[in-house]
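So the chains spell out like this:
Protein chains: 2
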Amino acid sequence: MDQVLKDYLCDAVSATDMAMEGFLPTHDVSPGSIHEAMRYPVFAGGKRLRPVLCIAAAEACGGSRENALAAACAVELMHTYSLVHDDLPSMDDDDLRRGRPTTHKVYGEGMAVLCGDALLTEAFAVLAKASPTARFTVGDMIAELAETGGSRKLIGGQVLDLEGEGKALRKEDLIKIHEAKTAALLVCSLRLGAMSANADATELHALSEYGYSLGLAFQAIDDILDVTQTTESLGKTAGKDEAVSKATYPAVWGLEGARAEAGRLTQVALDALKPFGAAGGRLREIAEWMLLREY
Amino acid sequence: MDQVLKDYLCDAVSATDMAMEGFLPTHDVSPGSIHEAMRYPVFAGGKRLRPVLCIAAAEACGGSRENALAAACAVELMHTYSLVHDDLPSMDDDDLRRGRPTTHKVYGEGMAVLCGDALLTEAFAVLAKASPTARFTVGDMIAELAETGGSRKLIGGQVLDLEGEGKALRKEDLIKIHEAKTAALLVCSLRLGAMSANADATELHALSEYGYSLGLAFQAIDDILDVTQTTESLGKTAGKDEAVSKATYPAVWGLEGARAEAGRLTQVALDALKPFGAAGGRLREIAEWMLLREY
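Sequence order for the protein chains is A and B.
If you're matching positions, the first sequence starts at 905 in my numbering and goes up one per residue.
If you're matching positions, the second sequence starts at 905 in my numbering and goes up one per residue.
Here chain A stands alone, though its shape is the one from the complex (with noise of 0.2 Å):
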C-alpha cells in the first residue's frame, strides 16, 4: 500500500479510536461488567472501514475530519453491535472474531445480548451529540441511520441470510442479502460523513452510487477470502460459508468470477467518483486498496 494511504487510514483510524474512547464509558462506571463487555468487540483491531469512509467522505465535500467524527464512531458502533449479535449460538453461532473468542464465548450469552444492545443504542447517543449544518439537522442524520440500521435494511439482511441458508439461491437473491447486510451501512457511513460537511444532493447521490458498488465489492471479496484464507490469517472461522452452505459470490459466480465480479463492482465505484474530480482522490484510493487486500 502506498505510503501517504497508510498514514492517511492511520490516522484516521487512531482519531477514531481516541473519539470512542471518550464516548464509551469505563470499567469504573456501573455497572462495570457492561461498559468492560461492551469495550470489548469495539477496541479488537477491527479495521474501521466504516469510520474512514465517513471522514473521507466528509473530506471530499470541503468538511473536516473533527466534524464527522461522530457520525463515524456511530457507524463503527452500529457495525460492531451488528457483528455481535449475529455471532450469538442463535444466529451464526462464530467462536471467534478478529482472532479472538466472540463477545458470547467471554462474557456469556446473556451479557452479549445486552452488550449489542447497548452499543446499538450508543450509536444513536454519539451521533445525537454531532453538530447540524445548513441543510442538514441532528434528527436528519439520526432517520438516515435509523433507516440504516432497520428492519428493512442491516437487520433485514440478516434475517435473509438466515432464511437462505442451506437454500439454493440466485445471483439476485444474493445481491439483495448484501445490498441490505453490507453496502448499506457502507452508504451510511459515506452520507453521515458528507451530511457534516453539508454536501449538496449531487455529492450525496454520487457517495451513494460510490458506496453500494464498493459494498458489494468489498462482501464479494470477503466471500473469496473466507475460501482462500486460513482461519489463523482471517482473525475469524475460514470455510466457514461453505459449512453452513450460505450463499456467497464464490459459491454463486465461481471463484473466479467472483473475482472478476469484484474487480468491475470497484470500476463501477471508481466511476461513480467523477464528478468529485481530484477532491474523490481519497475515495478512489480506498476502492482500489479495498480491492488487492490479502489475496
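Check the hints yourself; a few may be wrong.
In this list, chains with the same sequence are indistinguishable; a pair is considered to hold if it fits within one copy or across any two.
[To be verified] Calculated pairs, SDA-like style, for lysine to any residue (alpha carbon to alpha carbon, straight line, at most 25 Å):
{"id": "1", "residue 1": "Lys1178", "residue 2": "Gly949"}
{"id": "2", "residue 1": "Lys1140", "residue 2": "Leu1174"}
{"id": "3", "residue 1": "Lys1009", "residue 2": "Asp998"}
{"id": "4", "residue 1": "Lys1080", "residue 2": "Gly936"}
{"id": "5", "residue 1": "Lys1080", "residue 2": "Arg943"}
{"id": "6", "residue 1": "Lys1009", "residue 2": "Leu987"}
{"id": "7", "residue 1": "Lys1144", "residue 2": "Gly1161"}
{"id": "8", "residue 1": "Lys1080", "residue 2": "Ala1038"}
{"id": "9", "residue 1": "Lys1178", "residue 2": "Phe947"}
{"id": "10", "residue 1": "Lys1140", "residue 2": "Gly1161"}
{"id": "11", "residue 1": "Lys1080", "residue 2": "Phe947"}
{"id": "12", "residue 1": "Lys1071", "residue 2": "Val933"}
{"id": "13", "residue 1": "Lys1075", "residue 2": "Ser1112"}
{"id": "14", "residue 1": "Lys1144", "residue 2": "Asp911"}
Hints were generated in silico from the structure; no laboratory data involved.
Computed from a prediction, not measured in an experiment: that's the story for all the values here.
Add chain B to chain A, keeping to what the hints say.
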C-alpha cells in the same frame, strides 16, 4: 376506575396504536418475517402506560397529544424491545408475556434477538420524526431517549438484575435496579412528552420527580402482584421472581411493608405535581389509579 379517566386512557391508547400501526412496516414489506415478528409483541394488549404518561405530560405542559405521539410511540417501542430481549432464554427465560407465548417461543431465538434490535432501532427512527420546539431540537430528544435506554440506565438495570439473582440484596441495591430498569423510562416518557410541549426547566424537573417515585411505586406493585396473583390474571408467569430468588419489594420489605412503601412513593409522586396546579390533574389520577390496580 372513574369513567372520565377510563375514556382518557382508552383514547390515548388507541391514538398510540393507530400511530404505531402507521410507523411499523406490515408483513408484505420484505423481509415479511421480521415485520410480522415486530408486530407480535407491539400489538399484544400492553397497558401503554409509557405513551399515556408521555401524552398526559405534554398536555400538563400546555401541549397536544398530536405533537407528543412520535415520542409516545418511541418510548413504547423502547419498552417493548426490552421485554423481548429480557424474556430470552439467555436472560430471564420467560415463556409467557401478556397472556401469550413470548416472541422467541413463537419466532425462535435468533429472530427474537433481531426483532428486539429492530424495535430499538425503530424507536429512534420514530422519534426522529418528532417536531422540534423553541427550546428543544430533535437531537435533544434523541439524546434523552438514548441516555435512558443505555448501559447506565435501562440496560444497566437488567445487568444488575441478572447479576443480583440468588444474592441477598439490600434495599439500596434493589432501588438502584428499579431506578434503572423501570423508573428511568417512565421519567423519560414524561420528559419527552413535556419536551414536545416546549416545557420549561421547572416543569421538566417536577415531572422527573413525579416519574421517579411513580416508577418505584409501579415496580413495588408489580412485585406484589407477582406474589399475590395467579399466572392467568397476570398474563405472565406468577411466582417467577421468588422461583429465581429475584430481589423484589415483598422479598426485601415484606408484603405489608411493600404495600406501605408503594403508598408512600405514590404520595411523593403526587406531591411532585404541585407546581402544575390544576393542569396536573390527569397525572394525579394516573398515579392514584396505578396504586389501586388489581390488588
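Problem set entry | Index of numbered hints that the structure contradicts, given in increasing order | Numbers 1, 2, 8, 9, 11, 14, in rising order.
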